[in-house]
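A.B. asks: Okay, here's what each chain looks like letter by letter:
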Amino acid sequence: MIKVQHINKYFGEVHALNNIHFHVPKASICGFIGPNGAGKTTTMRILTTLDSSDSGDAWINGYHIFHDAYQVRREIGYMPDYYGTYPAITVAEYLDFFARAYKLKTPYRQQRIQKVSNFTELTGLLKRPVEGLSKGQKQRLSLTRILLPNPSVLLLDEPAAGLDPRARIELRELLKLLVKEGKSIFISSHILTELADLIDHVVIIHQGAIAYSGLLNQLSLNQHTQGHAYTLEVADENTPIRRLLLEHPAIQEVSGDQQFIHFYFDTQQYRIEELIQHIVEKGIPLCQIFRRKDHLEDIFMAVTDKNE
Amino acid sequence: MLTQITTWLDDRLNPIMVKEVYQGYREKTFISGLSTILLLALLGYLIIAYSNDSYINNGKDFFNFLLVLTGLITLFSIPSSSANQLRNEISSNTLDLITITHLSAWTIISGRFQAAGIKVLLLFAYIGPFAIASFLLGGIGVSTILFRLILLLLAVALFSSFLLLSNTLSIFGHQYTLLSRGIQGVSTMLFAPMVLIVLVNVPDNVFTSVSFDTATIYFILYYLFLILVICFFHLRLAADLLQAKGIRSFYRSKITLLIALILSVIAIFASNVLLSSSLSYPLTHNNIRSLIMLALLVFYIFSLFWSSYVPQHRLTFSPMTRYFFSDGYFPTLRFVFVSTCTVILSSYFLSHNSNDLWVGVFFFSQFCFFTGIAYFLRALGRSPHSAIIYQLWLLGLFIITVMISIIVFSFNHHASKLPSIIHVFMPLSIIDTTRYILQAQVWNFIPLFLGLAFAFLGKGIIYNKNKKRKK
Chain A
1 MIKVQHINKY FGEVHALNNI HFHVPKASIC GFIGPNGAGK TTTMRILTTL DSSDSGDAWI
61 NGYHIFHDAY QVRREIGYMP DYYGTYPAIT VAEYLDFFAR AYKLKTPYRQ QRIQKVSNFT
121 ELTGLLKRPV EGLSKGQKQR LSLTRILLPN PSVLLLDEPA AGLDPRARIE LRELLKLLVK
181 EGKSIFISSH ILTELADLID HVVIIHQGAI AYSGLLNQLS LNQHTQGHAY TLEVADENTP
241 IRRLLLEHPA IQEVSGDQQF IHFYFDTQQY RIEELIQHIV EKGIPLCQIF RRKDHLEDIF
301 MAVTDKNE
Chain B
309 MLTQITTWLD DRLNPIMVKE VYQGYREKTF ISGLSTILLL ALLGYLIIAY SNDSYINNGK
369 DFFNFLLVLT GLITLFSIPS SSANQLRNEI SSNTLDLITI THLSAWTIIS GRFQAAGIKV
429 LLLFAYIGPF AIASFLLGGI GVSTILFRLI LLLLAVALFS SFLLLSNTLS IFGHQYTLLS
489 RGIQGVSTML FAPMVLIVLV NVPDNVFTSV SFDTATIYFI LYYLFLILVI CFFHLRLAAD
549 LLQAKGIRSF YRSKITLLIA LILSVIAIFA SNVLLSSSLS YPLTHNNIRS LIMLALLVFY
609 IFSLFWSSYV PQHRLTFSPM TRYFFSDGYF PTLRFVFVST CTVILSSYFL SHNSNDLWVG
669 VFFFSQFCFF TGIAYFLRAL GRSPHSAIIY QLWLLGLFII TVMISIIVFS FNHHASKLPS
729 IIHVFMPLSI IDTTRYILQA QVWNFIPLFL GLAFAFLGKG IIYNKNKKRK K
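Just so you know, the sequences run in chain order A and B.
Take the first sequence: its letters are residues 1 to 308, numbered as in this note's numbering.
Take the second sequence: its letters are residues 309 to 779, numbered as in this note's numbering.
A few of these clues could be false.
[What the hints assert, rightly or not] The list that follows gives simulated cross-link-like pairs (lysine-lysine, DSS-like), each with its CA atoms no further than 30 Å apart:
| hint | chain 1 | residue 1 | chain 2 | residue 2 |
| --- | --- | --- | --- | --- |
| 1 | A | Lys-3 | A | Lys-127 |
| 2 | A | Lys-135 | B | Lys-773 |
| 3 | A | Lys-183 | A | Lys-105 |
| 4 | A | Lys-115 | A | Lys-105 |
| 5 | A | Lys-180 | A | Lys-103 |
| 6 | B | Lys-562 | A | Lys-103 |
[Unchecked claim] Derived Cβ-Cβ restraints for the label pairs, each shown as a range:
| hint | chain 1 | residue 1 | chain 2 | residue 2 | range |
| --- | --- | --- | --- | --- | --- |
| 7 | A | Asp-200 | B | Ser-399 | 34 to 44 Å |
| 8 | B | Gln-312 | A | Gln-5 | 43 to 53 Å |
| 9 | A | Phe-66 | B | Asn-513 | 53 to 63 Å |
| 10 | A | Asp-200 | B | Gln-312 | 46 to 56 Å |
| 11 | A | Tyr-10 | B | Leu-429 | 22 to 32 Å |
[What the hints assert, rightly or not] Reference excerpt, derived from the structure (chain A facing chain B, CB under 10 Å, subset only):
| hint | residue |
| --- | --- |
| 12 | Val-14 |
| 13 | Ala-16 |
| 14 | Arg-45 |
| 15 | Arg-73 |
| 16 | Arg-74 |
| 17 | Ala-99 |
| 18 | Arg-100 |
| 19 | Arg-109 |
| 20 | Ser-142 |
| 21 | Arg-145 |
| 22 | Ile-146 |
Derived from the structure by calculation, the hints contain no laboratory data.
We put the beta carbon where it would ideally sit given N, CA and C, even for glycine.
Hey, can you work out the whole structure from these sequences and the hints?
C.D. replies: Below, the structure written as structure tokens:
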């Protein structure tokens with residue numbers, strides 16, 4: 001469980017974290033989303049006791065991050081946005097080093113390395129030099145490293161950055177398995193598609209302030225915009241449909257190609273039926289029009305736009 | 309029972325130390341280079357000793373050579389390497405990964421210190437047979453050998469702890485990284501040559517005539533304890549600096565500093581003990597010049613070991629001028645040039661001895677020669693092969709050194725200038741260097757030009773490789 005209350009952090013004149021306040025319940029997987037430079041890594045570093053805040057408090061599993069820093073470190077596993085490998089060392093030696101650093105005793109240490117390596121499918125690479133691993137393998141090595149002490153809370157900072165699609169899918173499957181084991185995962189990312197199928201809670205940070213925090217399924221686009229997202233398919237690609245949509249006062253952010261057009265429609269002041277009628281009257285042949293499921297990207301854009 | 313004890317011990321080993329040993333074990337280039345130097349130096353001495361009557365019982369000279377070589381590695385390489393690794397860990401943020409494990413900041417810092425200690429002890433074990441050989445050559449006693457090595461060990465401990473502390477400053481940002489590098493460079497150049505001069509110049513009777521009466525034992529224990537307390541203070545302060553600002557506390561550092569200060573005050577009050585000791589600063593005549601020359605020798609030795617670690621990264625495609633004047637090699641060359649000029653001109657203005665200028669030329673020329681060739685070899689192909697070529701190249705030059713030494717010591721060496729000319733290409737001289745440098749005169753510039761030519765050639769190869777890759 002993570003509880004953060006009114007954390008502020010300044011870097012000189014820059015107010016990097018502005019009264020950060022959120023809560024992540026036990027055994028949940030929470031996405032921490034925000035654009036680059038929003039303050040995700042700074043928050044992560046404060047939560048992992050690597051940095052201090054200028055004001056405010058935070059607790060992990062009930063331990064205060066400043067007053068019980070050493071205890072907090074026993075509760076968490078932190079995977080930063082870099083691999084942190086060493087030259088002239090094999091995977092087995094690397095894991096042995098961290099297992100020792102986590103104070104795992106001799107018979108258990110080897111067993112634990114073996115067990116976690118099996119879980120992350122790293123067993124075949126134990127004799128390989130760390131420097132020679134691919135990005136995906138290094139990421140699995142980082143995950144193995146943080147799982148060695150069996151922490152109850154995992155803080156992952158941009159874990160899928162730089163990974164190919166296959167490695168991303170593998171990582172996502174591993175994280176799902178960890179959630180099933182009862183671990184709480186706090187995962188930051190600016191690539192929202194990789195989080196959408198994974199998280200149950202979400203914290204959105206924008207320009208150092210929390211724009212939203214809570215359950216993902218309670219977060220809908222409608223809360224943050226006056227409309228809904230729609231997709232429209234036309235039979236003839238050469239019709240002036242795009243111009244027509246752009247001229248309509250209820251429509252925002254028209255995107256897509258000539259056949260499938262995405263847009264936001266203000267449902268509070270206008271009715272979608274009127275739009276359909278208007279298009280038909282203009283002689284544009286419509287194949288279909290449907291309301292899209294709220295995408296995390298759309299919600300994120302709406303939330304951050306609202307907070308601009 | 310034995311398994312239980314080893315398991316118990318294994319669990320209590322400092323993880324940082326274990327990792328450092330894992331990594332250090334793989335530094336084969338260093339070990340093979342050192343083996344080459346030691347074996348050939350011993351061979352040279354043995355040949356000289358048995359071919360020239362005046363060189364019998366010259367184990368002391370050989371041990372001094374061994375001590376200087378060991379001192380150079382232990383005082384220059386090992387503490388700097390430990391401190392550099394700490395600084396790199398800070399700058400690359402990998403220290404964070406260790407900090408959030410269950411290790412305390414103290415364990416992290418002391419682990420590095422222990423690793424440096426283990427490396428020094430391994431090196432001592434490694435030079436052990438050679439120290440025995442120096443004893444068998446005659447002219448030096450066991451107590452002299454042991455005391456000098458113990459003093460060296462203490463100096464390394466003190467220096468390692470100081471460098472670890474100064475490099476911890478990197479945690480405050482880039483400016484402090486530069487500051488810590490500056491502190492490391494200056495302190496290494498000042499402290500290490502001074503220790504080596506002291507160790508070599510301490511009269512033998514200081515060690516041979518030690519009577520273990522109560523006053524001497526107190527004296528030894530006092531210094532031992534003081535050094536350990538100062539080491540502890542350095543490490544404790546470094547550990548406190550590693551903590552995040554919110555949880556940083558200098559409590560233990562302050563207590564340690566207090567103890568160190570009290571100890572020092574006691575020493576001032578008991579100064580009659582210090583003044584009566586024959587272990588006072590043993591620098592004799594012409595010491596400043598010796599210090600300066602030894603500092604240059606350090607550059608010289610460093611150039612040999614460092615040149616096999618020339619940066620291997622391929623430069624990005626950029627204008628030709630950038631290839632030839634801006635990556636890791638030429639800035640280093642400029643640094644060595646400025647340092648050599650500073651040291652040599654200081655010496656010249658102190659002693660008004662123009663011979664020093666030739667010594668400066670010789671050292672800088674040597675640096676260019678070896679690093680230039682190493683750079684060229686690295687540019688040719690992949691590092692493992694070029695490292696082997698470099699080792700063979702070093703080996704060949706050592707053989708020449710030994711052969712020239714035999715010629716010089718066996719025959720009349722005043723007649724020909726040839727040994728002087730060959731000498732300008734020698735990587736490590738075991739003969740009277742200064743005289744040959746002066747005899748060689750302008751020949752001292754030849755290695756410099758050759759080295760630069762090889763370096764430019766290497767740059768050109770890298771430039772062309774990148775150009776092809778870009779296409």
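A.B. asks: Cβ-Cβ distance between A/Tyr-10 and B/Leu-429: within 22 to 32 Å?
C.D. replies: violated (47 Å)
A.B. asks: Is the straight-line distance between the alpha-carbon of A/Lys-135 and that of B/Lys-773 30 Å or less?
C.D. replies: holds (26 Å)
A.B. asks: Going by Cβ atoms only, is A/Arg-45 closer than 10 Å to chain B?
C.D. replies: holds (8 Å)
A.B. asks: Is the straight-line distance between the alpha-carbon of A/Lys-180 and that of A/Lys-103 30 Å or less?
C.D. replies: holds (26 Å)
A.B. asks: Range first: 34 to 44 Å. Now tell me if the beta carbons of A/Asp-200 and B/Ser-399 are that far apart.
C.D. replies: holds (38 Å)
A.B. asks: Next pair to validate is B/Lys-562 with A/Lys-103; report whether the Cα-Cα distance is within 30 Å.
C.D. replies: Given pair B/Lys-562, A/Lys-103 holds - Cα atoms ~29 Å apart, limit 30 Å.
A.B. asks: Taking the beta carbons of B/Gln-312 and A/Gln-5, is their distance inside 43 to 53 Å?
C.D. replies: holds (49 Å)
A.B. asks: Does the structure keep A/Lys-3 and A/Lys-127 at a Cα separation of 30 Å or less?
C.D. replies: Roughly 40 Å between the alpha carbons, so the hint for A/Lys-3 and A/Lys-127 is violated.
A.B. asks: Holds or violated: are the alpha carbons of A/Lys-115 and A/Lys-105 at most 30 Å from each other?
C.D. replies: holds (15 Å)
A.B. asks: Assess, step by step, whether the Cα of A/Lys-183 is no farther than 30 Å from the Cα of A/Lys-105, and give holds or violated.
C.D. replies: Holds: A/Lys-183 and A/Lys-105 sit about 23 Å apart, inside 30 Å.
A.B. asks: Holds or violated: A/Ser-142 as interface residue toward chain B, Cβ cutoff 10 Å?
C.D. replies: With Cβ-Cβ at 9 Å, under 10 Å, it holds.
A.B. asks: Identify whether the interface hint at A/Arg-109 stands, where standing means a beta carbon of chain B within less than 10 Å of its own.
C.D. replies: holds (8 Å)
Of the numbered hints stated above, those contradicted by the structure are hints 1, 11, 12, 13, listed in ascending order.
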